[in-house]
Structure formats: C-alpha cells, structure tokens
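K.L.:
All chains should be built: construct the whole structure from the sequences, respecting the hints.
First residue of the sequence shown: 0, per numbering that gives the first Met the number 0; consecutive thereafter.
What the hints contain is simulated information worked out from the structure, not anything from laboratory work.
Every residue gets a Cβ at the ideal spot worked out from N, C-alpha and C, and that includes glycine.
A hint or two may mislead.
[Claimed, not checked] Listed next, with one range per pair, are the computed distances between beta-carbon atoms:
# : residue 1 : residue 2 : range
1 : Arg65     : Thr212    : 13 to 21 Å
2 : Ala264    : Ser292    : 36 to 44 Å
3 : Pro101    : Ala238    : 26 to 34 Å
4 : Ala182    : Arg138    : 35 to 43 Å
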Amino acid sequence: MSTTTPAPAGLRHLHSGKVRDLYETPDGRLVMVASDRISAYDFVLETPVPDKGRVLTQLSLWWFERLADLVPDHVLSTELPPGAPAEWEGRALVCEKLAMVPVECVARGYLTGSGLADYRRTGEVCGVALPPGLVDGSRLPEPVFTPATKAALGEHDENVAYAVVAEQLGAELAGRLRELTLAVYRRGEEVARERGIVLADTKLEFGLREDGTVVLGDEVLTPDSSRFWPADSWEPGRAQPSFDKQYVRDWLTSPASGWDRASDAPPPPLPAEVVERTRARYVEAYERLTGRSFT
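P.N.:
In structure tokens, the structure reads:
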C-alpha cells in the first residue's frame with residue numbers, strides 16, 4: 000500500500016502525512032492506516048517499501064503492550080471498520096481522538112544526527128550541556144530530553160530548548176512530557192539491549208484526553224521513529240549500521256543516486272536493491288525485538 004486509499008463508505012478522510020493516512024468513523028473515532036511510503040530529507044519518496052506499514056503497525060502494538068504500565072496509548076481496536084479494504088489488514092488501528100501536543104518529544108541516549116550537529120556547533124543539544132570530546136555514536140552519560148517543534152509536511156522540525164516547551168505548554172505539562180519520554184526511552188533501551196540492539200534515540204508523540212490525561216499516540220519505538228543499531232558492531236566515532244531508513248538516506252546522498260540534496264528537485268526513484276535491503280532491515284528490527292517471525 001503506497002498511496003492514500005479513498006475513504007471507504009462511512010469513513011471520512013481527514014489527513015495524509017508522510018506515512019500514515021487518517022480517517023474518522025461516524026462515531027468520532029479515528030482510523031490510522033500506515034502505508035508503505037517512505038520519507039527522507041523531508042521528501043516523500045516515489046518508491047514504496049513493501050510491508051513497511053505493517054512492520055510499523057505491528058511493532059508499535061508490541062511496544063504499546065510493554066509500555067502500558069508507564070503511559071496509556073491511543074489504540075482502541077485492531078479490527079478493521081466495516082467496508083475497509085483488505086489491504087488495510089495488519090496496518091490499520093482504530094484509535095481514540097486526542098488533542099495532539101504540538102511538540103516532537105525526543106529522547107537521546109547516544110549522540111548522532113541533528114543532535115551531533117548541534118553539539119559540534121555549541122557543545123549542547125537543545126540547551127542541554129554535554130561533556131567535551133564526544134563523537135558520532137557516543138553514549139551519553141544519561142538520556143536527555145531534546146524536544147522539537149512540529150513542522151508542516153516538507154519542512155524541517157526544529158530542535159528547541161526545554162524552556163521553550165515549558166513556555167508554550169506550561170511547566171506542568173512540559174515536565175510530564177519529559178518524564179514520560181525518558182521513561183519510555185529507558186524501557187525501550189533496556190529491552191532492545193537485551194535483544195542485541197542499541198536504541199540510540201527515539202521520537203514520541205503525545206495527546207491529551209478531555210480530562211487532561213497524557214496518552215501515547217501515533218507510533219512508538221519503530222525504525223521510522225527511532226535509530227536502531229546492532230549492538231555487536233556499535234563503535235563510537237564512525238557511522239553506525241542501522242535497522243532503519245538510514246540505508247535510504249545514505250544511497251540518496253551517494254554519487255550513485257545522482258541527486259543534489261541542495262537543489263529543489265525531488266529525490267529519484269529507489270533502485271530495487273535499495274528497496275529490498277531497506278525492507279530487510281525493517282523486518283529484521285521487528286523480528287529481533289519481538290522474537291517473532293514476520294509473515
């Protein structure tokens with residue numbers, strides 16, 4: 000499933016993001032469907048990765064069960080609504096409607112990506128001072144909460160200091176989000192490490208019920224929202240092999256793609272080999288973490 004499916008009878012299409020399509024049922028519940036679309040460098044790529052949406056959905060469900068004692072999640076049912084197409088099987092979730100918090104809640108246990116760029120420039124990440132001498136892939140003394148503002152499709156999220164989140168949302172809610180984000184990361188990092196995977200960082204989204212309860216939404220601890228590295232080859236100071244879409248990013252920025260990232264041109268289609276190897280990484284992450292065979 001690579002494109003948005005027209006809304007089945009009885010459902011109203013609300014929104015399509017980089018990966019997920021959102022529909023509303025007549026009784027006000029939401030149906031979230033994970034497609035096989037893949038994004039990189041703020042572009043949704045032309046070429047889908049088969050089964051990616053199913054991996055994201057099934058892995059999120061697995062994690063939601065293991066995080067239930069820390070924070071409630073938004074899932075109400077995994078049964079397809081009446082009239083839903085068969086291709087939604089395994090990739091659709093019926094969810095409660097929440098007031099989504101307009102902040103990307105990021106936890107980092109290792110230094111890489113945009114956090115590394117911030118550190119090299121300022122010695123900090125989102126206003127959090129870090130020890131000198133860290134390199135790409137360094138494990139941090141303690142996991143840190145490094146939030147970002149949510150950007151519109153095609154634009155960059157922007158890392159911000161915790162004080163900005165506290166001013167925007169209020170100190171109480173900002174503190175709760177930081178607490179939950181770090182708790183989820185620590186649980187995920189522990190579980191992943193037991194299975195031979197380094198959870199370098201992760202991005203979470205939260206929403207609020209009418210009574211103010213903070214609820215975990217969207218996806219959780221997947222290869223799209225997290226950086227997963229094989230623990231047996233982790234080595235600070237070099238680029239880490241990964242179980243996420245870094246393989247796609249690396250190909251796009253290699254001479255083989257012929258794409259100039261600095262241009263306004265969209266990325267080229269992915270070769271079959273890149274698609275298959277990316278799919279294999281998503282599936283391996285699922286199978287290593289859950290101990291289940293992906294079928």
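K.L.:
Does each hint fit the structure? Answer for all of them.
P.N.:
Hints, one by one, checked against the model:
1. A hinted range of 13 to 21 Å holds for the C-beta pair arginine 65 and threonine 212, which are about 20 Å apart.
2. In this structure, alanine 264 and serine 292 meet the distance hint of 36 to 44 Å, their C-beta atoms being roughly 40 Å apart.
3. The supplied range of 26 to 34 Å is met by proline 101 and alanine 238, whose beta-carbon atoms lie about 32 Å from each other.
4. As the Cβ distance of alanine 182 to arginine 138 is approximately 19 Å, the hint placing it in 35 to 43 Å is violated.
Checked against the numbered hints given earlier, this structure breaks only hint 4.
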